[in-house]
Amino acid sequence: MQMLGMALVGCSCALPAITGVAAAHNLEAADKASLHYISASGSTLYETGHAAGTLPGSMRVHMRVSATFSGSFTIYAQGGTITGHGTATPHGSGVRESFEGTLVVTGGSGRYKHARGHGGMYGSFNRNTYALTINTTGTLHY
Amino acid sequence: MLLCACLAQQARATTAAKLEAAFLPDQLGSRTTLEFGFSFSAPPGQVPPPLTQIELRYPNNLGIALSRLGIAECTAKILETSGPRGCPADSVMGYGVVYTGIVLGSSTVTELAPITIFRAMNSEHLALLFYAEGTHPVVTDIVFPGLLLSAAEPFGGKVSIGVPLVSTLPGAPYVSVIHLHATIGPREVTYYEKVGGITLAYKPAGILLPPTCPPKGFPFSAVFTFSDGSRTRAQTDASCPAQTRSALPAKQQHGRRHRHAKRADNAA
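Here the protein sequences come in this chain order: A and B.
The numbering of the first sequence is my numbering, which starts it at 1 and goes up by one.
The numbering of the second sequence is my numbering, which starts it at 1001 and goes up by one.
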């Protein structure tokens, strides 16, 4: 759904067998992002913010808030962008709702043009300000 | 024998249902209150079977969960012991009325009871509590739960409501719901907050309508389950409203609330 700023925990980088062939990277990652409200359309929020971690950068998220949370994200990291989507189930009540779910990285641009990955996430959603905080763990291949 | 005689006066054939839904105000891209109602038909001298379950599906992209309704919660225990006054004002999400009836002998006894809808505590789903307060001729307070759940397209979700069987006199049938009308939204709802030590009243932000409307209108659908096991369905489309300005950003709404606490902040 939201984000995948990657804090590098481990990296296996296959050396290119032939000069000019890009190396494959596998990252076991964990990160945290803070997003704030930009606009809303029906049940869909548009938010931006910053992801901190190994792949820090700005982030844009479209998130549909209903009985479940779902949406897409783009991280503008150094060297390219990372895109994906995810779903989560909200818990709790009141102003601050927590949620947890899964995300999938489906592509990107630049050095992340062939990015693929998956992971889990949890976070909180402030119903008063619409602020989002998202923590992710997962694997990114690019 | 009395029970059998009474039950015979409940409509056993498939009960026809009518569903209605509208937005107040009906302006695309704006905050609104959802108004909905349903009614059941029965042959003369009869009432529908007692209602046990409602599943009300609402349109896709309707910003129910993005409203600022229900920022506080109430519990069934508080409602049962203290009534609505025991609940925080900021837990109220709407109001309504329910028209019920039972057949006793050859006469139908009806009752009109007000309903208050609260946000409820629930760790798994967005949850509601419905409190119906019957005063005459049957004095009965009823609390029943509702959960906001996922639904398949073209719906954005559904509210699943479990309706308890309500007994009256010994041997008499359970109470039947004939008609229900309710609103979920800031219309007639007032919240309070403390700003600088002063308690200010304000209208919470309502349900956010999307900026576009489906060609046939916003679809609603309901499935009703009755105590005899029968089910009936009803559907309706809330007509497409006129297109207007977009909803205000949250920051503007929040600021307006503080500066003009007695006024609605982009709410219905």
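If you are wondering where the hints come from, they were derived from the structure by calculation, not from laboratory data.
Keep in mind it's a predicted model, so treat the numbers as computed, not measured.
Be a bit skeptical, because a hint or two may be false.
Said to hold, decoys possible - The calculated SDA-like cross-link candidates involving lysine to any residue, where the alpha carbons are at most 25 angstroms apart (straight line), are:
{"hint": "1", "chain 1": "B", "residue 1": "Lys1194", "chain 2": "A", "residue 2": "Gly92"}
{"hint": "2", "chain 1": "B", "residue 1": "Lys1077", "chain 2": "A", "residue 2": "His91"}
{"hint": "3", "chain 1": "B", "residue 1": "Lys1077", "chain 2": "A", "residue 2": "Glu97"}
{"hint": "4", "chain 1": "B", "residue 1": "Lys1194", "chain 2": "A", "residue 2": "Thr139"}
{"hint": "5", "chain 1": "A", "residue 1": "Lys113", "chain 2": "A", "residue 2": "Ser39"}
{"hint": "6", "chain 1": "B", "residue 1": "Lys1194", "chain 2": "A", "residue 2": "Tyr37"}
{"hint": "7", "chain 1": "B", "residue 1": "Lys1194", "chain 2": "A", "residue 2": "Lys32"}
{"hint": "8", "chain 1": "B", "residue 1": "Lys1077", "chain 2": "A", "residue 2": "Thr129"}
{"hint": "9", "chain 1": "A", "residue 1": "Lys113", "chain 2": "A", "residue 2": "Thr89"}
{"hint": "10", "chain 1": "B", "residue 1": "Lys1216", "chain 2": "B", "residue 2": "Asn1061"}
{"hint": "11", "chain 1": "A", "residue 1": "Lys113", "chain 2": "A", "residue 2": "Ser41"}
{"hint": "12", "chain 1": "A", "residue 1": "Lys32", "chain 2": "A", "residue 2": "Asn126"}
{"hint": "13", "chain 1": "B", "residue 1": "Lys1194", "chain 2": "A", "residue 2": "His141"}
{"hint": "14", "chain 1": "A", "residue 1": "Lys32", "chain 2": "B", "residue 2": "Gly1037"}
{"hint": "15", "chain 1": "A", "residue 1": "Lys113", "chain 2": "A", "residue 2": "His141"}
{"hint": "16", "chain 1": "B", "residue 1": "Lys1194", "chain 2": "A", "residue 2": "Thr129"}
{"hint": "17", "chain 1": "B", "residue 1": "Lys1018", "chain 2": "B", "residue 2": "Gly1037"}
{"hint": "18", "chain 1": "A", "residue 1": "Lys113", "chain 2": "A", "residue 2": "Thr102"}
{"hint": "19", "chain 1": "B", "residue 1": "Lys1216", "chain 2": "A", "residue 2": "Ser41"}
{"hint": "20", "chain 1": "B", "residue 1": "Lys1194", "chain 2": "A", "residue 2": "Ala131"}
{"hint": "21", "chain 1": "A", "residue 1": "Lys113", "chain 2": "A", "residue 2": "Thr54"}
{"hint": "22", "chain 1": "B", "residue 1": "Lys1194", "chain 2": "A", "residue 2": "Pro56"}
{"hint": "23", "chain 1": "B", "residue 1": "Lys1216", "chain 2": "A", "residue 2": "Glu97"}
{"hint": "24", "chain 1": "A", "residue 1": "Lys113", "chain 2": "A", "residue 2": "Ala52"}
{"hint": "25", "chain 1": "B", "residue 1": "Lys1077", "chain 2": "A", "residue 2": "Arg96"}
{"hint": "26", "chain 1": "B", "residue 1": "Lys1194", "chain 2": "A", "residue 2": "Thr87"}
{"hint": "27", "chain 1": "B", "residue 1": "Lys1018", "chain 2": "B", "residue 2": "Thr1236"}
{"hint": "28", "chain 1": "B", "residue 1": "Lys1077", "chain 2": "A", "residue 2": "His118"}
{"hint": "29", "chain 1": "A", "residue 1": "Lys113", "chain 2": "A", "residue 2": "Tyr46"}
{"hint": "30", "chain 1": "B", "residue 1": "Lys1194", "chain 2": "A", "residue 2": "Glu97"}
{"hint": "31", "chain 1": "B", "residue 1": "Lys1077", "chain 2": "A", "residue 2": "Gly92"}
{"hint": "32", "chain 1": "A", "residue 1": "Lys32", "chain 2": "B", "residue 2": "Ser1123"}
Results for each hint:
1. A threshold of 25 angstroms between alpha carbons decides the hint, and for lysine 1194(B) with glycine 92(A) the separation of about 24 angstroms falls inside it, so the pair holds.
2. At most 25 angstroms may separate the alpha-carbon atoms for a hinted pair to count; lysine 1077(B) and histidine 91(A) meet this at roughly 21 angstroms.
3. Among the hinted pairs, lysine 1077(B) with glutamate 97(A) is consistent with the structure: their alpha-carbon atoms are about 22 angstroms apart, no more than 25 angstroms.
4. Distance hint between lysine 1194(B) and threonine 139(A) is unfulfilled; the C-alpha atoms sit about 46 angstroms from each other, more than 25 angstroms.
5. Straight-line distance between C-alpha atoms of lysine 113(A) and serine 39(A) comes to about 28 angstroms, which puts the hinted pair past the 25 angstroms bound.
6. Among the hinted pairs, lysine 1194(B) with tyrosine 37(A) is consistent with the structure: their alpha-carbon atoms are about 24 angstroms apart, no more than 25 angstroms.
7. Pair hint lysine 1194(B) plus lysine 32(A) does not hold up; C-alpha atoms about 32 angstroms apart against a cutoff of 25 angstroms.
8. Distance hint between lysine 1077(B) and threonine 129(A) is unfulfilled; the C-alpha atoms sit about 30 angstroms from each other, more than 25 angstroms.
9. As the CA atoms of lysine 113(A) and threonine 89(A) are separated by approximately 29 angstroms, the hinted pair breaks the 25 angstroms bound.
10. For the given pair, lysine 1216(B) sits about 15 angstroms from asparagine 1061(B) by alpha-carbon distance, which is consistent with the 25 angstroms threshold.
11. With a C-alpha separation of about 30 angstroms, the suggested pair lysine 113(A) and serine 41(A) falls outside the 25 angstroms cut-off, and the hint is violated.
12. For the suggested pair lysine 32(A) and asparagine 126(A), the alpha carbons sit about 16 angstroms apart, so the restraint of at most 25 angstroms is met.
13. For a cut-off of 25 angstroms, the pair hint linking lysine 1194(B) to histidine 141(A) is broken: about 50 angstroms separates their Cα positions.
14. Between lysine 32(A) and glycine 1037(B) the alpha-carbon distance is near 44 angstroms, which puts this suggested pair outside the 25 angstroms criterion.
15. In summary, the hint linking lysine 113(A) to histidine 141(A) is supported, as the alpha carbons are separated by about 10 angstroms, within the 25 angstroms threshold.
16. The straight-line distance between the Cα atoms of lysine 1194(B) and threonine 129(A) is roughly 17 angstroms, inside the 25 angstroms bound, and the hint therefore holds.
17. For the hint pairing lysine 1018(B) with glycine 1037(B), the CA-to-CA distance comes to about 8 angstroms; that is within 25 angstroms, so the pair holds.
18. In summary, the hint linking lysine 113(A) to threonine 102(A) is supported, as the alpha carbons are separated by about 21 angstroms, within the 25 angstroms threshold.
19. For a cut-off of 25 angstroms, the pair hint linking lysine 1216(B) to serine 41(A) stands: about 20 angstroms separates their Cα positions.
20. Between lysine 1194(B) and alanine 131(A) the CA atoms are separated by roughly 22 angstroms; this keeps the pair inside 25 angstroms, and the hint holds.
21. Using a Cα cut-off of 25 angstroms, the hinted pair lysine 113(A) and threonine 54(A) holds, with the two alpha carbons roughly 17 angstroms apart.
22. Proposed proximity of lysine 1194(B) and proline 56(A) is contradicted: the alpha carbons are some 39 angstroms apart, above 25 angstroms.
23. Between lysine 1216(B) and glutamate 97(A), the direct Cα distance comes to roughly 34 angstroms. Violation of the 25 angstroms bound is thereby established for this hinted pair.
24. Taking the CA atoms of lysine 113(A) and alanine 52(A), the gap is about 21 angstroms. The hint holds against a cut of 25 angstroms.
25. Using a Cα cut-off of 25 angstroms, the hinted pair lysine 1077(B) and arginine 96(A) holds, with the two alpha carbons roughly 23 angstroms apart.
26. Under the criterion of a C-alpha separation no larger than 25 angstroms, the hint pairing lysine 1194(B) with threonine 87(A) is inconsistent with the structure, at around 36 angstroms.
27. Proximity of lysine 1018(B) to threonine 1236(B) is assessed by CA-CA distance (about 8 angstroms); at most 25 angstroms being required, the pair is judged to hold.
28. Distance hint between lysine 1077(B) and histidine 118(A) is unfulfilled; the C-alpha atoms sit about 43 angstroms from each other, more than 25 angstroms.
29. Annotation: proposed proximity of lysine 113(A) to tyrosine 46(A) holds, straight-line Cα distance about 24 angstroms (limit 25 angstroms).
30. Among the hinted pairs, lysine 1194(B) with glutamate 97(A) is consistent with the structure: their alpha-carbon atoms are about 22 angstroms apart, no more than 25 angstroms.
31. Taking the CA atoms of lysine 1077(B) and glycine 92(A), the gap is near 18 angstroms; set against the 25 angstroms cutoff, the hint holds.
32. For a cut-off of 25 angstroms, the pair hint linking lysine 32(A) to serine 1123(B) stands: about 23 angstroms separates their Cα positions.
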